[in-house]
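Asker: Chains C and B, in that order, are what the protein sequence lines are.
Just so we're aligned: 50 in this note's numbering is position 50 of the first sequence, and the numbers increase by one with no gaps anywhere.
Just so we're aligned: 189 in this note's numbering is position 189 of the second sequence, and the numbers increase by one with no gaps anywhere.
Worth flagging that the hints you see were computed from the coordinates, not collected in a lab.
Warning: the hint list may mix true and false statements.
[What the hints assert, rightly or not] Heads up, simulated DSS-like pairs for lysine-lysine below, C-alpha to C-alpha not over 30 Å straight-line:
1) B:K173 / B:K34
2) B:K163 / B:K274
3) C:K29 / B:K34
4) C:K29 / B:K286
5) B:K173 / B:K274
6) B:K274 / B:K286
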Amino acid sequence: MTYSAWIIITASLVGLSCGFIGVFLILRKMAMMADAISHTVLLGIVLAFLITEKLSGAPMLIGAIIAGLLTAFLVQWLHSLDIQLHASMGIVFTTLFAIGVILIATSVGNAHLDVQHALMGEITFIPWNTITLPLIGQIPQATALLGATLFVVLFFIVAFYKEWKITSFDPALAASLGIPVLLMHYLFMGLVSITTVASFDAVGAIMVVAMLITPAASAYLWTDRLSYMLILSGGFGVISAIAGYFIAAWIDTSISGSMAFASGLLFIVSFLCSPLHGLLSTYRRSRHRKLSSHTEKA
Amino acid sequence: MWSILLSSNTQWVLASTIILGIAAGLVGSIAYWKKQSLMSDALAHASLPGVVISFLLIGEKNLLILILGAAGSALAGSLFIQWVQSSTRITEDTAMGMVLSIFYGLGIMLLTIANRTAGGNQSGLDSFIFGQAASMVRFDVFTMLGLACLVILVVCLGFKEWKLYLFDASFAKGTGLSLTFMNILYTAVLVTTIVIGIQAVGVILIAALLIIPAVSARYWTHSFRWMLVLAAVFGGASGGIGTFISALGSGWPTGPFIVVTAASFFTISLIFGKERGILVRYIQYKLHQKEVHVRKVNTHPEAKGAK
């Protein structure tokens with residue numbers, strides 16, 4: 001397979017897994033939590049690197065999951081001590097992120113990990129770093145990791161579909177039905193962390209937030225059904241990823257930045273034109289209502 | 001180690017980050033009570049494309065112009081958040097996350113282009129991401145000092161109005177205070193603080209300087225006046241100490257050190273704080289337990305005998 005085909009496949013995998021996870025992030029009103037976790041995952045990766053001295057899949061994943069869960073736990077704990085939720089997120093993630101950056105800048109520096117990479121992703125280097133898998137043959141390491149992540153995410157979504165649905169829309173009902181809400185919460189945070197860390201190589205710490213939230217928010221404007229929303233969100237994620245790649249190739253700029261930008265364009269289109277919750281249709285409906293009440297009066 | 005303090009450039013840079021910290025502490029306290037802590041984070045990220053666009057337009061690094069660009073795109077971001085949130089069912093949380101990441105993505109796109117064009121690499125635009133206080137020239141320092149003092153002045157002179165605006169909006173309206181004006185003024189001081197901070201602390205971490213000192217101050221006092229004073233002290237000290245530490249190593253980013261300093265103050269406040277600090281709570285809990293125990297023993301003499 002060619003060089004750009006691998007990049008497009010990797011980007012689409014990012015779009016797909018982030019799109020699925022994003023739906024639940026939005027429904028659970030935890031969009032900013034994704035932002036917080038995507039920042040702190042950096043600390044997990046740096047620590048894993050400092051301990052194992054190499055940037056490989058498993059330790060990085062473990063480090064990221066620990067960092068993600070630690071963030072979720074610390075935010076909850078500070079919130080329980082009477083600090084506003086957003087303020088406690090702001091304290092936890094900026095601090096952990098700052099520690100990560102300091103570690104990179106002072107001790108790890110110039111090795112394989114640099115701050116630029118962590119923030120922007122290095123999708124252009126992904127096809128060079130390959131591993132050989134049985135049956136499939138040689139594929140880029142990051143692509144394999146993303147494929148595995150997508151599989152895990154899909155598995156958990158399908159296996160606990162009903163539970164996710166109830167805990168997202170009505171946590172109180174879920175608790176009364178005996179669904180372990182807290183466990184589901186931390187399981188979900190774990191899924192967010194692995195999605196983030198798998199996408200990290202491709203799009204970096206901050207653009208992954210765009211890929212997580214924006215396609216799902218666009219899909220939220222098109223439909224009221226969870227299953228359609230999941231499919232639409234995944235689709236929007238893939239479209240943003242591919243469109244981003246071509247925009248970047250066209251004006252020769254950062255691929256991850258363009259992917260975030262493309263997802264933004266998709267959102268604006270949905271915001272204006274969606275037949276269900278779009279601006280144009282809401283406007284037309286309100287005018288229609290006004291007109292019909294007018295004729296009734298007359 | 002102390003010799004760097006003697007260089008006059010370092011002294012000016014230190015002065016400007018201290019003043020910046022004071023301004024951020026004050027404005028952060030207002031943002032805390034507006035329940036908009038993360039808004040500052042979203043606006044800071046949203047300012048990146050403005051910085052790069054104004055650089056691309058004028059072709060050189062003039063802090064004042066870059067600040068204007070940053071303010072423009074931060075305001076665009078905040079309007080977009082309000083628009084999306086008010087006209088659809090998307091929550092503020094989601095809208096903030098979107099604006100934060102999409103504007104930042106656009107900023108990175110433009111930054112890559114700016115770095116490719118001649119001179120872009122030397123412009124030090126990269127330092128806007130993590131902050132590099134050492135890269136500031138004298139003119140930048142004066143711009144920052146001036147604007148930060150203006151913010152401090154606005155908060156201090158309008159103390160009574162801010163208090164009314166935050167805690168009793170309907171009474172404020174009754175006394176003839178225009179809430180629209182206060183909202184505009186609030187957005188103006190918030191955006192100003194953010195954009196003057198990005199040169200020293202960077203777009204990613206400037207939010208911390210607004211959030212952390214304000215929350216730390218809450219652990220020492222219940223009065224809004226003292227909260228402002230303490231947040232300013234914590235902010236100023238974090239700015240100064242963080243800048244000093246980052247000046248010790250070559251090429252160390254300033255922002256992360258300032259944030260970690262602020263976080264250490266927060267940890268101290270969280271544990272030892274006079275109001276609801278963990279230690280105080282624990283002692284109160286123990287005292288209360290003892291008191292209950294004593295009362296129990298006194299009212300039930302047989303319990304004593306059983307022991």
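Asker: Taking the hints in turn, state whether each one holds.
Answerer: Status of the hints after comparison with the structure:
no. : hint            : verdict
1   : B:K173 / B:K34  : holds (17 Å)
2   : B:K163 / B:K274 : holds (23 Å)
3   : C:K29 / B:K34   : holds (19 Å)
4   : C:K29 / B:K286  : violated (38 Å)
5   : B:K173 / B:K274 : violated (34 Å)
6   : B:K274 / B:K286 : holds (16 Å)
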